[in-house]
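Assemble the complex: chain A is given as a structure, and chain B must be docked to it using the hints.
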Amino acid sequence: MALITFWRLADNSDRKVKGHRVPAKFDLKEVKKLIQEFAAGARGKVFFSLPQASVQYVIKVFDANNMSDREAERLIIQGLLQLTDSDFHRTIWHPHWRTLMDEYGLEAYKKHNWYIKFFIDDEGDGRFLSEVSFHPLETGMSLSNGRTLDVTYRPKG
Amino acid sequence: MDISKRRCGNCAERRLALKNVRGEFKSPWRDFPVAFVTVDLSLWTCANCGNSVMIGGDAEKIDAAYELSVRDQAAQFIDVIRSKTGIGSGQLAELIGVSPQHLSSVHSGKQRPSFSLWNFLKMIATDPVVMVKKANPNLDIIRENILLRA
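First to last, the sequence lines map onto chains A and B.
First residue of the first sequence: -7, per this note's numbering; consecutive thereafter.
First residue of the second sequence: 280, per this note's numbering; consecutive thereafter.
It is worth saying that the hints were derived from the structure and are not from the lab.
Accuracy of the hints is not assured; some may be wrong.
Derived Cβ-Cβ restraints for the label pairs, each shown as a range [what the hints assert, rightly or not]:
hint, chain 1, residue 1, chain 2, residue 2, range
1, B, GLY388, A, THR144, 21 to 27 Å
2, A, GLU115, B, SER387, 46 to 52 Å
3, A, GLN74, B, MET402, 39 to 45 Å
4, A, THR76, B, LYS413, 55 to 61 Å
5, A, LYS102, B, CYS328, 26 to 32 Å
6, B, ASP406, A, ASN58, 44 to 50 Å
Glycine included, every Cβ here is placed at the ideal spot set by N, Cα and C.
Bound-form chain A, shown alone (with noise of 0.2 Å):
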């Protein structure tokens, strides 16, 4: 019965029970106190797990800014100290990490607007964010404020 409760909390695709929205499973200023913590030079304190999901996706983006890694890895950081409650969409059940993760929506963040997924890690030793998708939206997004987001970027080819 826990379990059956839990699945449908993890699944619920708005997060909304009985008429109110569930708040994200992370705590946004713990998340942004490990990313200072890495901009500071504590560097394991953000993973990026899947970069091409990520680093990569934004240096694809932005092709014709010559952009390299740590610049990708920049904006991605300035971008994930920019998110409030505001933009949170929800917290899905992730079936391969076993994990909650939550998802954030970015609006008009150097022109587009982004698709976020993290968790924070407290598997091991110490805790950490692992950074799992920074790219821009590739459906639409409601957040919890009511906003919706747009697609704002189309691959090429």
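Then chain B, alone, in the frame of chain A:
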């Protein structure tokens, strides 16, 4: 911090290990739709699916590896073209439409080539004798295929 115990973002396995990805790692970089690393580069890579993850500091390492690789590859393309066709660097510069000074600084590794220059050199280097002939604007193939059709 034990990186090897972290999960791969692609397959979620905990089988990350430091690996020299020379000759294997490729991704978009600067104006290159796909760049290849041809120098030594150690990245945490999943033993299960081959996904290379990034921790702090890796971005700088990757940039440095690409910078070296792209410059080195361009220099090698120029060497191959010149040795197989016997043309001088001035002739080659004229052929591909850059100044001899620019080609010289790309050859010596002082300047990173643009993707278009790198790609043109790569194309010519795959079959230098034929390509030099085709790329030469004074040769018949251009006249026959472009000028005479107009």
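Going down the list of hints, with the structure as the test:
Between GLY388(B) and THR144(A) the Cβ separation comes to about 39 Å, which falls outside the hinted range of 21 to 27 Å. One distance hint, 46 to 52 Å for the beta-carbon pair GLU115(A) and SER387(B), holds here, with the actual separation near 49 Å. One distance hint, 39 to 45 Å for the beta-carbon pair GLN74(A) and MET402(B), holds here, with the actual separation near 42 Å. Under the hint 55 to 61 Å, the C-beta atoms of THR76(A) and LYS413(B), about 57 Å apart, fit the expected range.
In this structure the supplied range 26 to 32 Å holds for LYS102(A) paired with CYS328(B), their Cβ-Cβ distance being about 30 Å. Between ASP406(B) and ASN58(A), the C-beta spacing of about 29 Å breaks the proposed range 44 to 50 Å.
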